[in-house]
Amino acid sequence: MPALELESVCKRFGALSAIDGVSFAVEPGERVALVGPNGAGKTTLFNLISGELPPDSGTVRLGGRDVTRHTPEKMAREGLGRTFQRNSLFMESTVYENVRLAVQARAGVSFQMLRPITAYSRLGEETERVLELVRLSGRAGVRASELSYGEQRQLELGIALATGPRVLLLDEPTAGMSAQETGEMVAMLKELPGEITLLIVEHDMDVVGALARRILVLNFGRLIADGPLEEVRRNEEVLAAYLGVGEEVRDA
Amino acid sequence: MVEATKPGEKAGRFPVRAGTLAVLGALGALAVYPFFGTTYMIGVLTEIMILAIFALSLGFLMGYPKLISLGHAAFFGGGAYAAGIVAVRLEAANLFLTLVCALVFATLLAVLIGVLSLRNTGIYFLMITLALAQLVYVVAEQWTWLTGGTDGLVGIPYPELFGFFSFDRFSFYYLVLLLAGGAYFLLRLVTRSPFGHVLLGIGSNERRMRAIGYGTRVYKLAAFVLSGAVAGVAGALWAHYNGIVAPVDVNWPLSATALIMVIVGGAGTLVGPMLGAAVVWFLDTGLSSYTERSTMIMGAVFILFVFFARGGIAGIARSLWERFYARTGT
Numbered sequence: 001m002p003a004l005e006l007e008s009v010c011k012r013f014g015a016l017s018a019i020d021g022v023s024f025a026v027e028p029g030e031r032v033a034l035v036g037p038n039g040a041g042k043t044t045l046f047n048l049i050s051g052e053l054p055p056d057s058g059t060v061r062l063g064g065r066d067v068t069r070h071t072p073e074k075m076a077r078e079g080l081g082r083t084f085q086r087n088s089l090f091m092e093s094t095v096y097e098n099v100r101l102a103v104q105a106r107a108g109v110s111f112q113m114l115r116p117i118t119a120y121s122r123l124g125e126e127t128e129r130v131l132e133l134v135r136l137s138g139r140a141g142v143r144a145s146e147l148s149y150g151e152q153r154q155l156e157l158g159i160a161l162a163t164g165p166r167v168l169l170l171d172e173p174t175a176g177m178s179a180q181e182t183g184e185m186v187a188m189l190k191e192l193p194g195e196i197t198l199l200i201v202e203h204d205m206d207v208v209g210a211l212a213r214r215i216l217v218l219n220f221g222r223l224i225a226d227g228p229l230e231e232v233r234r235n236e237e238v239l240a241a242y243l244g245v246g247e248e249v250r251d252a
Numbered sequence: 001m002v003e004a005t006k007p008g009e010k011a012g013r014f015p016v017r018a019g020t021l022a023v024l025g026a027l028g029a030l031a032v033y034p035f036f037g038t039t040y041m042i043g044v045l046t047e048i049m050i051l052a053i054f055a056l057s058l059g060f061l062m063g064y065p066k067l068i069s070l071g072h073a074a075f076f077g078g079g080a081y082a083a084g085i086v087a088v089r090l091e092a093a094n095l096f097l098t099l100v101c102a103l104v105f106a107t108l109l110a111v112l113i114g115v116l117s118l119r120n121t122g123i124y125f126l127m128i129t130l131a132l133a134q135l136v137y138v139v140a141e142q143w144t145w146l147t148g149g150t151d152g153l154v155g156i157p158y159p160e161l162f163g164f165f166s167f168d169r170f171s172f173y174y175l176v177l178l179l180a181g182g183a184y185f186l187l188r189l190v191t192r193s194p195f196g197h198v199l200l201g202i203g204s205n206e207r208r209m210r211a212i213g214y215g216t217r218v219y220k221l222a223a224f225v226l227s228g229a230v231a232g233v234a235g236a237l238w239a240h241y242n243g244i245v246a247p248v249d250v251n252w253p254l255s256a257t258a259l260i261m262v263i264v265g266g267a268g269t270l271v272g273p274m275l276g277a278a279v280v281w282f283l284d285t286g287l288s289s290y291t292e293r294s295t296m297i298m299g300a301v302f303i304l305f306v307f308f309a310r311g312g313i314a315g316i317a318r319s320l321w322e323r324f325y326a327r328t329g330t
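Protein sequences appear in the order of chains A and B.
Position 157 of the first sequence, counting from 1, maps to 157 under full-length UniProt numbering, and the rest follow consecutively.
Position 45 of the second sequence, counting from 1, maps to 45 under full-length UniProt numbering, and the rest follow consecutively.
If you are wondering where the hints come from, they were derived from the structure by calculation, not from laboratory data.
Just so you know, not all the hints are guaranteed correct.
Simulated crosslink set (DMTMM-like; lysine to aspartate or glutamate; CA at most 25 Å straight-line) [what the hints assert, rightly or not]:
(1) A:K190 <-> A:E78
(2) B:K66 <-> A:E52
(3) B:K66 <-> A:E73
(4) A:K190 <-> A:D226
(5) B:K66 <-> A:E146
(6) B:K66 <-> A:E92
(7) A:K74 <-> B:E206
(8) B:K66 <-> B:D151
(9) A:K74 <-> A:E52
(10) A:K74 <-> A:E146
(11) A:K74 <-> A:E151
(12) A:K74 <-> A:E195
A few chain A positions that, by computed beta-carbon distances, are all more than 12 Å from chain B [said to hold, decoys possible]:
(13) N38
(14) T44
(15) R61
(16) E78
(17) L123
(18) D206
Even for Gly, the Cβ is constructed at its ideal location relative to N, Cα and C.
Can you build the whole structure from these sequences, using the hints too?
Have a look at this one:
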């Protein structure tokens, strides 16, 4: 059974067909890259999967269950995690508190009002484990707003990981990073537990090549290619989309 | 360095211990004051402490989940009317009865108003709380046989305890002090709990909270109801203290005054709004015995805080402390 499955998902914004009949399935533990030119609809597709936007038609399934039009919080509880293209952190809180809040989301203690949070040692242990995964253990006490951009990107990933997702959507995890930071992020993502299914939006083809064997190509809201990187690279339609060659030119 | 990164520590923040010491010091001073102070000042402090509980309840809402309500007088006044009606109409001024009735009534009212208003966010939330609270005001004004209408409900006595103890000005002061301290320490506990951290997360980044699995509305409702209940208790004390409840106690200017108390004192802390209540009382009611322009002075002070000290009194204290802390080293 696929970990994530989309069937003819559509979304229109007025006259613009942002996502046009997208279907694909991702197997558990698979690592898939979603690429496409700017404005192709990659982030919109993520928002449709994660429940931030309701699709107009089509079906989204998570582990075989129909989760179409679930709210974001319900999707998270169903095992879907996501990061945002632009960091979405708790800026005034420390790195540790950021991650702990995400750990707490599935710990079932969030209505406890009369004991300090530090009394819940389970939260602490899990938080430290996640901090190690995203290599921020040494920065635990620092306020999120005081981190470097690359570290904030790591924290962005840490928050998503801390919810214990089975499927993780990563929206440009290396966006705006230096070459060195990108290398570290790729190494970090490679070390993630094998059972986590990853769907990654990424522009950097080296990153795509390092993380995913299978590539989905989105253009004008339609899926125009789905296959191994070498194959997709030779795909005519993909080349046209990336080289800016219009449909009419190709058809002529 | 390793120490600084230990669980839950808030590196470089306002030291918790200094804040706690300040609160305990203030409580101690207030506890011994009646033995030296004048009867008049005991009354003033009683009034301020009741308003401080009210400001605290709104400050909790504005500082943690960042919900700005302009209808908080509904819970304060609602609690005051509930206590007053029990004391006058049922002739039962038992402290536990009036307090519990005020608490229950304010809680129910907060559930109702909260469910309706929390469907919206930001300015719309604020406007709906205002509109619903004004409905409560209209009911208080019109339902004359129950509430006394525009004349108010008069003749509310100090509370008593099962016939063997009746509060007077002096002992009522201590009752209010006890409840003000209790409300502060209760909400302090809540803000440090897992629930309190959820509220802080909602105030900081609600979108991300939902993305990591929190159904934020139910947490906001819980905070709203808790805040309303605390305001209701303050209202009950207000009714006993003044001996009268009138429609002004549910009207929107009181909600606005509470908002000003929170902003002047400093949202985001619990001590701040309570201090704000004292400052606003002295600038507004206190100065009004000396000048007719007290409201204007209050307005000017409020504007100064909004322009130059967004963190309020608590924010000023924090930055002074941090400067001192930086100079003496860690």
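Quick rundown of the hints versus the structure:
1. Only pairs whose Cα atoms come within 25 Å are accepted, and A:K190 paired with A:E78 is accepted, the gap being roughly 24 Å.
2. Taken as a hint, the B:K66 and A:E52 pair is honoured in the structure, with Cα atoms around 22 Å apart against an allowance of 25 Å.
3. With a C-alpha separation of about 20 Å, the suggested pair B:K66 and A:E73 falls inside the 25 Å cut-off, and the hint holds.
4. Our distance criterion of 25 Å between C-alpha atoms is met by A:K190 and A:D226, whose separation comes to about 22 Å.
5. A distance of roughly 22 Å separates the Cα atoms of B:K66 and A:E146; the hinted pair therefore holds under the 25 Å criterion.
6. Proximity of B:K66 to A:E92 is assessed by CA-CA distance (about 14 Å); at most 25 Å being required, the pair is judged to hold.
7. Taking the CA atoms of A:K74 and B:E206, the gap is about 15 Å. The hint holds against a cut of 25 Å.
8. Between B:K66 and B:D151, the direct Cα distance comes to roughly 36 Å. Violation of the 25 Å bound is thereby established for this hinted pair.
9. For the hint linking A:K74 to A:E52, the alpha-carbon distance of about 11 Å falls within 25 Å, and the restraint holds.
10. Restraint check for A:K74 and A:E146: not satisfied, since their Cα atoms lie roughly 31 Å apart, outside the 25 Å limit.
11. Note on A:K74 and A:E151: the hinted pairing is violated, with a Cα-Cα distance of about 28 Å set against a maximum of 25 Å.
12. For the proposed pair A:K74 and A:E195, the alpha carbon gap of about 21 Å is at most 25 Å, so the pair holds.
13. Against chain B, the non-interface label of A:N38 holds: every CB pair exceeds 12 Å, the least being about 23 Å.
14. No Cβ of chain B comes within 12 Å of the Cβ of A:T44; the nearest lies about 16 Å off, and the non-interface call holds.
15. The Cβ of A:R61 sits about 19 Å from the closest Cβ of chain B, beyond the 12 Å cut-off, so the non-interface label holds.
16. Some Cβ of chain B comes within 12 Å of the Cβ of A:E78; the nearest lies about 9 Å off, and the non-interface call is violated.
17. Not every CB of chain B is more than 12 Å from the CB of A:L123 (nearest about 8 Å), against its label as outside the interface.
18. The claim that A:D206 is not at the interface with chain B holds, since no C-beta of that chain comes within 12 Å of its own (minimum 28 Å).
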